[in-house]
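Trainee: Assemble the whole structure, with the sequences as input and the hints as a guide.
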Amino acid sequence: MPRFDLVIFDCDGVLVDSERITNRVFADMLNEIGLPVTIEDMFEQFVGKSMGQCLELMTSLLGAQPPEDFVDNFKRRTTSALLAQLAAVPGIESALDQIRLPYCVASSGDHDKMRTTLGITRLLPRFDGRLYSVTEVARAKPHPDVFLYAAEKQAVAPSACVVIEDTPTGVKAGVAAGMTVYGYAALTPASRLLEAGAHLTFTDMACLPSLIERGPNPSIRL
Numbered sequence: 001m002p003r004f005d006l007v008i009f010d011c012d013g014v015l016v017d018s019e020r021i022t023n024r025v026f027a028d029m030l031n032e033i034g035l036p037v038t039i040e041d042m043f044e045q046f047v048g049k050s051m052g053q054c055l056e057l058m059t060s061l062l063g064a065q066p067p068e069d070f071v072d073n074f075k076r077r078t079t080s081a082l083l084a085q086l087a088a089v090p091g092i093e094s095a096l097d098q099i100r101l102p103y104c105v106a107s108s109g110d111h112d113k114m115r116t117t118l119g120i121t122r123l124l125p126r127f128d129g130r131l132y133s134v135t136e137v138a139r140a141k142p143h144p145d146v147f148l149y150a151a152e153k154q155a156v157a158p159s160a161c162v163v164i165e166d167t168p169t170g171v172k173a174g175v176a177a178g179m180t181v182y183g184y185a186a187l188t189p190a191s192r193l194l195e196a197g198a199h200l201t202f203t204d205m206a207c208l209p210s211l212i213e214r215g216p217n218p219s220i221r222l
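For the sequence shown, the numbering used here gives the first residue as 1, with consecutive numbering after it.
Warning: the hint list may mix true and false statements.
[Unchecked claim] Using 30 Å as the maximum straight-line C-alpha spacing, the simulated DSS-like pairs for lysine-lysine come out as follows:
| no. | residue 1 | residue 2 |
| --- | --- | --- |
| 1 | K153 | K49 |
| 2 | K153 | K75 |
| 3 | K49 | K75 |
No lab work stands behind these hints, which were simulated from the structure alone.
Mentor: Given below as structure tokens:
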């Protein structure tokens, strides 16, 4: 029998292959306002953080507040890029078909962003009504609030939840929530996810259903 009662997915980078797209836009915009960064810098410093946390980091790096219209322009430019380029994470649809447990989403993005990206990739019907955002809780990841909120809404004990995350920030949040965390290491090095506390890592979504069935084994890296 499965050891879990609920699977909690992060959204960006786990369900939708959006991280490279949105971070290219973000990097371009940071360079435009005088903050030279690369895509590698984005994955090292920004990925996994809420927009509020990103704005705080930008202010620190710039030594000044970013432009007032930065967030609105970022949303506009990322929406355009996502509409043109976004796809579901390879193998996620087949994995969802095989997972025999309830599942939901707990994301650092807001509801508009989740509904946009999941809608473009046609994954939204699988999760509609089970989308949870850091905008609904007091603290963003790496605090556990959004994962605990999702578990509460789904009426499942945290210890019976498995979180699927792709960033160290998200992994830390899941661990802090008292949940088992599987690190999806397609873009983030597995070593960083394990250092953050992931119970195991994997790189192929085709492996996820069997990993959930068998339960955590710290020696597994797929």
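Trainee: All hints are to be evaluated individually against the structure, with a verdict given for each.
Mentor: Evaluation of the provided hints:
1. K153 to K49: The hint holds at about 23 Å.
2. K153 to K75: Holds. K153 to K75 sits at ~28 Å (cutoff 30 Å).
3. K49 to K75: It holds: about 16 Å lies between the C-alpha atoms, which stays within 30 Å.
In summary, this structure violates none of the numbered hints.
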